[in-house]
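First to last, the sequence lines map onto chains A and B.
Okay, so the first sequence: first residue is 803 according to our numbering, each after it adds one.
Okay, so the second sequence: first residue is 43 according to our numbering, each after it adds one.
Just so you know, these hints were derived from the structure itself, not from any lab.
It should be emphasised that the depicted structure is a prediction, and the values quoted were computed from it without experimental measurement.
Any given hint could be a false lead.
With the C-beta cut set under 8 Å, the calculated list includes, among others, these residues of chain B facing chain A [said to hold, decoys possible]: (1) Leu183; (2) Ala396; (3) Val432; (4) Leu433.
One-sided excerpt, in silico: chain A residues whose CB lies under 7 Å from chain B [what the hints assert, rightly or not]: (5) Arg870; (6) Met962; (7) Phe968; (8) Trp1009; (9) Arg1013.
Keeping only pairs whose Cα atoms sit at most 20 Å apart, straight-line, the calculated PhoX-like set for lysine-lysine is [claimed, not checked]: (10) Lys100/B - Lys967/A; (11) Lys109/B - Lys91/B; (12) Lys263/B - Lys317/B; (13) Lys402/B - Lys382/B; (14) Lys100/B - Lys177/B; (15) Lys201/B - Lys100/B; (16) Lys967/A - Lys172/B; (17) Lys172/B - Lys109/B; (18) Lys967/A - Lys382/B; (19) Lys929/A - Lys1029/A; (20) Lys337/B - Lys967/A; (21) Lys109/B - Lys85/B; (22) Lys967/A - Lys1029/A; (23) Lys302/B - Lys967/A.
For glycine and all other residues, C-beta sits at the position ideal for the given N, C-alpha and C.
Chain by chain, the residues:
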Amino acid sequence: MKTMRGESGGPVQVIRMSFMFRVQHLLLMVSLFVLAVTGFELMYHENRLSRFLIDLEGGILNRGIIHRAAAVALMAQLVFHVFYMLVSRAGRREFREFLLTAKDFDDFLQAIRFNLGLAGEYPRFGKYGYKEKFQYWGATIGIFLISLTGIVLWAENVSMRFLPKFMLDLTLIIHGYQGLLIFVILLFWHLYIVHLHPSVFPMNRAWLTGRVDAEWLREEHPLEYEKLKGEGVL
Amino acid sequence: MKPVRTLWIAGILAAGICLAGQAAAGPAGDRCLECHGDSTIEKMLPGGKAVSLFVDQKDYRASVHGKGECAGCHAGATSPHGKLAPVSCGRCHAAAGKSYSESTHGLDRAKGNRDVPGCADCHGRHDIRKPSDPKARTFRLNIVAVCLACHKDRTIEEKYRLPDQVVMEAYEQSVHGMAMRKSGLLGAAVCPDCHGNHRILPGDQPRSATHRQKIPTLCGKCHSGILETYEQSIHGKGMRGGIAESPVCTDCHGEHTITKITDPASRVFARNIPKTCSSCHEKEAISSRYALPKKRLSTYMDTFHGVALEYGMTTAANCASCHGFHDVLPASDPASSVNKANLPRTCGKCHPNAGVNFAKGNVHVEVAYGKATGVFAVRVFYTVFISVLVLMFVLHVGMDLLGRRRRSPQATEETKK
C-alpha cells in the first residue's frame, strides 16, 4: 500500500480498493443490476413495469438472452474471483482480511451493546469489520447458490433427464427468492455501508478512486489505520 | 328385338309429350308477353310508386320454369286481366312451403310482415334457377349476398333487434367467408349450410338447425374427422350426454367470427387459448358442479409457459399443447395425453429429455401446504428469512445511527490518544 499526500494541503489518502478490485466491483455491479432487472421482471411478470421493461428489451425471448449473458459474466467473475483470492498475492492478502474470526462475532455483539448504551466502547475494526464481512460472504454464498440453480434451469433439457419436475420447481423458486435475498442485502446493507452511513454520506468514493481519507480510516477502521502506521505506510 | 322396340315407342311418346307441352305453353306465353314483353310496362301503386310489369322472356326461358306456361303460376290469368291472385309456390313445392311456414321468416310473413323475405326474395321471380346453377341467386357463391341484403341493412337490423350488423359482417371476414368470397370455394360454409334454408329459426329454439345440441353434428357435416375425434372427448361425451354446459364447436371457435387458428384474433389462437379454456374452467360453478380441479389458469400463468405465452411467445405450451383440443380427456382417462403414463410423451413433444423421472410431481403447481409442500416450504422460508433480515437490517441501521452520535467524539478522542 502506498500513501498519497494530497497536494496543497489536501487530506491524506490511502488506497482501499486496488485497481483489480475496482474492476471486479464494477463488473459485478453491472451484471448484478442487469440480472436483477431481467430476473425480477420475470418473477413479477404481472407488474406493469415488468411488462414495460420486457417490451423495452424486445420480448420475453430477448429478456432470457440478456439475463443469461449477464449470468455468464457474473459466473465468470465468480470463478475469476475465487482464483484471484486464493492464488494471487494481492488477493490472498485481501482474503486473509475477509476471513471470519471469533472477533467479528464479539465485535457484532459489542456494537449492539454499545448502541444500546450497555457498553462504553464501540468495537475497533480492522480493514473489514463485521458489516463488510457479512456483506462479502452473504453476497458470495448467495451468488454461488443462485449460479448453481441458474445453471440447472438454463440447461433444463439436461436437468429434466435427472431431476423430477418438483425438483425443478424447487430450483426455480430458490433461484427467484435467492435473487430477492441478494437484492435485499444489496439494497439495505450495502447501501447503508457505502452510501447512507454518516461517515461516508453521500457515497464512499473508493469504488471509483480506490482511495479513502486516512482520517476516515482512523475513525472507522482504527486497527487498519494503526497497522498501516506500524508498517510505515502512513 | 322386343326391348329395343319398347324403347323406341317410349322415346317417340316422350318426344310427343314434350312437343305437345311446348305447343300448349308457347302460344299462351306469347300472348302474355304481347304486353309483358314490353320493357316499359308498369303500374302505379297507390303511393304513386311505379312498379315494372316487364318480364324478360330470355331470363324466363332460361329459368327453371322456362318450359312451363305463365298460367302455371299465375292461375286464371286471361288477357286482358285485372289484379291476379298471389303466386303460391307451395302448390307445387309443398315440402319447401311447409318448412318455410314454420320458419321465423314464414311465421312473420303469415302475420302480414312484408319485410321478411318470401320465396321470391331469395329465389327470384321469373328468373329462378336451380341452386346448382352458378347464375342462380341461391347458388352457393351468391346466397350470402342475398341473405346479407337484409341482414346487413341497418334499418332492418334495428327494427327487429337482430344480431348486430357487425356479427353478420364478421362472417365475410371469417375463414368461411374468405374461402367463399376470395377463393370461390364451393366447400366453404355459407349461411344456409348452418342455418338451413326454408326453416330458419333462431338458435335458442330447439328445432333450430343452429341449436347448441345440433352444433357438433352441424359442423361435422364438413369437418367430419374432427367430429369423430370430438365425440370421443370429454366435451363431446358430455354434450351427447345432455350436459348443456359441455362446450360445442362454437364455444371455442366462435361462429360468424370464426377465423383460422393462426389468426391472432381467433379465440383458439395459441395466445388466446388460456382465456378461452378458462372462460369455463375458471368458473367456480362449473368446476364445483363437475368436480374439476381448480386454479388451473393461475397455476399455468405462473409457470414460464404461461408468462412466455402472455408475452407473445406462441411456441410456449398453452392448454391445448398438453391437454389436446378436440380430443381433450380428463387426466384419469388412460387415453388422455395428460394421463400420468402419457406425460413423458406429451412433455417430450417439446422437451425430448423429459422422461418418466421428470413426470413425477404435479404440472399445475398450486403452492400450498399439502399440495406442493416443498415449494411452499421454500417460499415460506425465504419470505420469513428475508422479512426478518430486513427487519434486523433496519433495526441495526437505526441503532447504529443512534449509537453513533455517542461514538463520534469518543472514537476521535481515543485514536488521538
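Right, here's what the structure says about each hint:
1. Leu183: Leu183/B check fails; min Cβ-Cβ to chain A is 42 Å, beyond 8 Å.
2. Ala396: Constraint on Ala396/B satisfied, holds at 4 Å.
3. Val432: holds (6 Å)
4. Leu433: At 10 Å from the nearest chain A Cβ, Leu433/B fails the 8 Å test, so the hint is violated.
5. Arg870: Result: violated, 14 Å to nearest chain B Cβ.
6. Met962: With a minimum Cβ separation of about 4 Å from chain B (threshold 7 Å), the hint on Met962/A holds.
7. Phe968: holds (3 Å)
8. Trp1009: violated (20 Å)
9. Arg1013: Status violated, d = 20 Å.
10. Lys100/B - Lys967/A: violated (77 Å)
11. Lys109/B - Lys91/B: violated (32 Å)
12. Lys263/B - Lys317/B: Outside the cut-off at roughly 28 Å; violated.
13. Lys402/B - Lys382/B: Cα-Cα ~8 Å, so holds.
14. Lys100/B - Lys177/B: OK: Lys100/B and Lys177/B at ~14 Å, within 20 Å.
15. Lys201/B - Lys100/B: violated (38 Å)
16. Lys967/A - Lys172/B: Violated - the C-alpha atoms of Lys172/B and Lys967/A are around 63 Å apart, more than 20 Å.
17. Lys172/B - Lys109/B: It holds: about 14 Å lies between the C-alpha atoms, which stays within 20 Å.
18. Lys967/A - Lys382/B: holds (13 Å)
19. Lys929/A - Lys1029/A: This hinted pair holds, its Cα atoms lying about 9 Å apart.
20. Lys337/B - Lys967/A: holds (19 Å)
21. Lys109/B - Lys85/B: violated (27 Å)
22. Lys967/A - Lys1029/A: Distance ~55 Å between Lys967/A and Lys1029/A Cα, so the pair is violated.
23. Lys302/B - Lys967/A: This hinted pair is violated, its Cα atoms lying about 34 Å apart.
Of the numbered hints given earlier, the model fails hints 1, 4, 5, 8, 9, 10, 11, 12, 15, 16, 21, 22 and 23; all others are met.
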